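These protein sequences, in sequence, are chains A and C.
Using the working numbering, count along the first sequence one by one with no gaps and you end on 474.
Using the working numbering, count along the second sequence one by one with no gaps and you end on 493.
Hint data in this document are derived by calculation from the structure and do not stem from the laboratory.
One or more hints might be untrue.
Examples of chain A residues toward chain C, derived with CB under 10 Å [claimed, not checked]:
| no. | residue |
| --- | --- |
| 1 | A326 |
| 2 | Y329 |
| 3 | H330 |
| 4 | T331 |
| 5 | G334 |
| 6 | E336 |
| 7 | R342 |
| 8 | N343 |
| 9 | A347 |
| 10 | F350 |
| 11 | G351 |
Listing some non-contacts, in silico: residues in chain C with all C-beta distances to chain A over 12 Å [claimed, not checked]:
| no. | residue |
| --- | --- |
| 12 | R27 |
| 13 | A69 |
| 14 | M93 |
| 15 | E97 |
| 16 | L129 |
| 17 | R207 |
| 18 | R220 |
| 19 | A231 |
| 20 | E299 |
| 21 | F380 |
| 22 | A441 |
| 23 | E473 |
All of these numbers come straight from a predicted model, not from anything done at the bench.
The C-beta atom is built at its ideal place from N, Cα and C for all residues, glycine as well.
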Amino acid sequence: MKLAALARPLAALATATASISVILLALGASPIKVFDALYDGAFGNWVVFADTLTKSAPLLFCGLAIAVAFEGALWNIGANGQLLIGAMSAGALGPWLGAWPHAFASSALLVAGAGGGALWGGIAGWLRARRDVNEVIATIMLNFVAAQILSWLVHGPLMEASRAYPMSTPIAPVAELRLYFRPCRLNLGMLLAVTLALVCYAFLYHTEQGFELRAMGRNRHAAAFFGIDTGALTVWAMALSGALAGVGGATHLAAITHRLYETLSPGWGYEAIAVALIARLNPLAIVPSSVLFGALDNGAQAMQRTQDVSPVLVQVIEGLVIMTLLAFDTTAWTAIRDALWSPQSTATKG
Amino acid sequence: MLAAKAITKRFGQTLALADVDFCAREGEIHALVGENGAGKSTLINIFAGRIRPDYGHVTLDGATVGAGSASAALAHGIAAVYQSPMLFERMAWEENLALGGFSSRHFNLGTVVTDAAALAGELGFTLPPPGTFVDRRSVAERVRLEILRALSFRPRVLILDEPTSVLSPAQLEPFLHLLRRLRSQGRIVIIVTHKLAEALAVADRVTVLRHGRVAAERVATLTGEAELAQLMIGDVALPHSTTCSSSNHGATVVELLRVTLKSGERTALDEISLTLRAGSIVGIAGVDGNGQQELVEVIAGVRAPTSGTVRLPNLDDVAKDVLAVIPQNRDVEGLILDLSLWENLMLSRSLRKRLGARHGWIHRSRAAQLCQELTKRFSIRGRGPDALAGSLSGGNRQRLVVARALAAAPAAIVAHDICRGLDLSAAAELRGRLRDYAAGGGAVLLISTDLEELLAQCHRLYVINRGRLTEVQAERRDLVEIGLLMSGASR
Numbered sequence: 125m126k127l128a129a130l131a132r133p134l135a136a137l138a139t140a141t142a143s144i145s146v147i148l149l150a151l152g153a154s155p156i157k158v159f160d161a162l163y164d165g166a167f168g169n170w171v172v173f174a175d176t177l178t179k180s181a182p183l184l185f186c187g188l189a190i191a192v193a194f195e196g197a198l199w200n201i202g203a204n205g206q207l208l209i210g211a212m213s214a215g216a217l218g219p220w221l222g223a224w225p226h227a228f229a230s231s232a233l234l235v236a237g238a239g240g241g242a243l244w245g246g247i248a249g250w251l252r253a254r255r256d257v258n259e260v261i262a263t264i265m266l267n268f269v270a271a272q273i274l275s276w277l278v279h280g281p282l283m284e285a286s287r288a289y290p291m292s293t294p295i296a297p298v299a300e301l302r303l304y305f306r307p308c309r310l311n312l313g314m315l316l317a318v319t320l321a322l323v324c325y326a327f328l329y330h331t332e333q334g335f336e337l338r339a340m341g342r343n344r345h346a347a348a349f350f351g352i353d354t355g356a357l358t359v360w361a362m363a364l365s366g367a368l369a370g371v372g373g374a375t376h377l378a379a380i381t382h383r384l385y386e387t388l389s390p391g392w393g394y395e396a397i398a399v400a401l402i403a404r405l406n407p408l409a410i411v412p413s414s415v416l417f418g419a420l421d422n423g424a425q426a427m428q429r430t431q432d433v434s435p436v437l438v439q440v441i442e443g444l445v446i447m448t449l450l451a452f453d454t455t456a457w458t459a460i461r462d463a464l465w466s467p468q469s470t471a472t473k474g
Numbered sequence: 003m004l005a006a007k008a009i010t011k012r013f014g015q016t017l018a019l020a021d022v023d024f025c026a027r028e029g030e031i032h033a034l035v036g037e038n039g040a041g042k043s044t045l046i047n048i049f050a051g052r053i054r055p056d057y058g059h060v061t062l063d064g065a066t067v068g069a070g071s072a073s074a075a076l077a078h079g080i081a082a083v084y085q086s087p088m089l090f091e092r093m094a095w096e097e098n099l100a101l102g103g104f105s106s107r108h109f110n111l112g113t114v115v116t117d118a119a120a121l122a123g124e125l126g127f128t129l130p131p132p133g134t135f136v137d138r139r140s141v142a143e144r145v146r147l148e149i150l151r152a153l154s155f156r157p158r159v160l161i162l163d164e165p166t167s168v169l170s171p172a173q174l175e176p177f178l179h180l181l182r183r184l185r186s187q188g189r190i191v192i193i194v195t196h197k198l199a200e201a202l203a204v205a206d207r208v209t210v211l212r213h214g215r216v217a218a219e220r221v222a223t224l225t226g227e228a229e230l231a232q233l234m235i236g237d238v239a240l241p242h243s244t245t246c247s248s249s250n251h252g253a254t255v256v257e258l259l260r261v262t263l264k265s266g267e268r269t270a271l272d273e274i275s276l277t278l279r280a281g282s283i284v285g286i287a288g289v290d291g292n293g294q295q296e297l298v299e300v301i302a303g304v305r306a307p308t309s310g311t312v313r314l315p316n317l318d319d320v321a322k323d324v325l326a327v328i329p330q331n332r333d334v335e336g337l338i339l340d341l342s343l344w345e346n347l348m349l350s351r352s353l354r355k356r357l358g359a360r361h362g363w364i365h366r367s368r369a370a371q372l373c374q375e376l377t378k379r380f381s382i383r384g385r386g387p388d389a390l391a392g393s394l395s396g397g398n399r400q401r402l403v404v405a406r407a408l409a410a411a412p413a414a415i416v417a418h419d420i421c422r423g424l425d426l427s428a429a430a431e432l433r434g435r436l437r438d439y440a441a442g443g444g445a446v447l448l449i450s451t452d453l454e455e456l457l458a459q460c461h462r463l464y465v466i467n468r469g470r471l472t473e474v475q476a477e478r479r480d481l482v483e484i485g486l487l488m489s490g491a492s493r
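Make a model of the complete structure from these sequences and hints.
If you want it as structure tokens, here you go:
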């Protein structure tokens, strides 16, 4: 079964590679060189690999946020807004923590980020539970609201002292998350994210609350018959989901940008939907899945530099990878897999 | 003549049908009987083109029907009504019927409504007002809609899978009459059923399936219930159901006081007062859709009553922990089909507690062990605790729901239509288990459309009609009296 589980994404990657090669050949580029550059840019040496991991962290946070919500059949499309609100909470608090010890100051930023994200997700959850507002619409709208609030903050109340640039006052240096492998920007954020992946896995698959959430996601009606308060659970799960994305935003701010910009997130919250779906919402599988996407992002820049390929092509590659991975996740594939692997597994069973 | 020759079908390791020959002639009602898992559903699915046989073929009047194509089967005039409703829940009933054969050329819902109403009138029932969504209707009404839809194709062959299990006695006779009328028009009617008396009453011939093979074919007038039961089950003796015994009134476990529930304009429950006591079985008879579902939901705490109270004296006020519900629609309310067997057991809070879910941690291995014990004790045939509940057959799913309810050792069990679609021995076994549970001090509320089941099981019996409850006094317990109450006649 282990082998079968791996075969699916590998076959998908092979198909994606083949189709991308065709496109590259049609464009007159050498697929081997392009892939080589892509790989080198993502995994070529420790520095770029560390950078790949850094780029993966926000995707991992948001991917976990999406997995937790989706497991409860709560279609949270608002991870991006929740991440921004988390970053804003941290960015607003950060400049005031100069007198705090490092450990407290940086933790305070993360807590503020979680709180902000939880509030933003919780609003959508409350609207769904109490007012029957479709959470897809609510979260998408809240994304716009969050982006506009960010824009207003960096042009207004939080604008840096010289009032020259649309960015906020930097957070107190003592609150920054340290970078351990300069010049690359690897920080505690990725470690925190991986830890949270383990926590999310334990939560979903080993705790009563996680179990109730999954039960609700599979059959909301039946869940009510077993005394699960679906309304409360909806608010709660959306808040948790928002908190995960919010911590991601706060981490990014504390470690990398140190201040708020309008362009803080390139759309991690949306990309993370693909990250989570490809991992079949399994928090542990979201770790490699987010690294795959981080590597594509990171490698693409190198590819662009050395092979003179359009950055748009990277998006084409990402799109093809996602589609093939999902296309291989079908019943047809399951049937092939069963035909190939199940005779042995039933034989061993007895 | 509809004929099947040497049909063989295998699902994985299971041989569902082995070399089955079957034939039904014009102007004949042919009953297909057999236990759960005997292969009845597979066979009719092959007729209807939903399943392609591994071997063998189906012919209608000598012409081979394209295997594995539902549209080919329909084009040949083979229409089927399945046991689990195949309706679009979030669509109005006339829209559902418009997908049938009522509006062949022009999409005109008005014609569909009039045509359907006319046909329904012939069948002896009325339809809800146009625009009513299907998900608002009871199981019985849904099945009726499906029969209408199938008939709208004006089929040569009409296949009905367990059609009568949700019809009331009052509806049954017109329905059987309709089947006879269809027969007199030269149609072939095939009904799949567990109810041998019905099969014998209406069918001309009966085919008995056992373990995927044809055990026998009989002319209805030349056989009897005993012989058919014997053929179906093989050599296992049927457990006898005991007759109604007098109740020893124990402590009150659940008490409903003037419970009223309004949903929209409709009064679903009308001032219902009811007491469940330890050690006794209370029955509620009634035609489906008269408030039974709402009653279960109110007791289970899924819906709050508009007025009145549900009390659970002497116990925590957490209804979910002292009550186990066996809902009517096991696939939608009783189980979560995308979860594994052990996870479905863990849906019960009291079971989780019993396995020591401390600090919210679920003990997976203990749950799997409990699952193994229960599957053994209740002879649930599945592929281990990690198999999805959706992979079980209907009867095994029902056993799982009952096993979970009993294993949780609740103070009361609310059982709604527990024997629906079960074969004789499985039904008798489940009834026996409920009786044992009551004898051991449990309180049972048994809601059913099966009067014989209720008469045999219950210490007290009520009839529900349009949300009102009427008690049937012990001395007046007979089918005629209850039938009158169910149809809303006042005494």
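For the restraint on G334 (chain A), tell me whether the closest CB of chain C is nearer than 10 Å. Holds. Min distance 8 Å.
Using Cβ atoms only, decide whether H330 (chain A) comes closer than 10 Å to chain C, and label the hint accordingly. holds, 6 Å
Would the stated hint for A347 (chain A) survive a check requiring a Cβ distance to chain C of less than 10 Å? Constraint on A347 (chain A) satisfied, holds at 8 Å.
Looking at R27 (chain C) again, its CB stays over 12 Å from all of chain A? Non-interface label on R27 (chain C) holds, nearest chain A Cβ at 39 Å vs cutoff 12 Å.
A cut-off of 12 Å on Cβ-Cβ distance, and A441 (chain C) was said to be off the interface with chain A. Does that hold? holds, 26 Å
Hint validity - G351 (chain A) Cβ closer than 10 Å to any chain C Cβ: The hint holds - G351 (chain A) has a Cβ within 10 Å of chain C, the shortest such distance being about 3 Å.
Closest CB-CB distance from E299 (chain C) to chain A, is it above 12 Å? violated, 8 Å
Is the shortest C-beta separation between Y329 (chain A) and chain C less than 10 Å? holds, 8 Å
Interface hint for N343 (chain A), Cβ within 10 Å of any Cβ on chain C: Given a least distance of 4 Å, the restraint on N343 (chain A) holds.
Taking the closest pair, is the beta carbon of R220 (chain C) still more than 12 Å from chain A? holds, 38 Å
Run the C-beta distances from A231 (chain C) to all of chain A and say if the shortest one exceeds 12 Å. Holds: least Cβ distance 34 Å, greater than 12 Å.
Taking C-beta pairs only, is R207 (chain C) more than 12 Å away from all of chain A? The assertion about R207 (chain C) holds, with a minimum of 39 Å to chain A.
Hint violations for this structure: number 20 only, all remaining hints satisfied.
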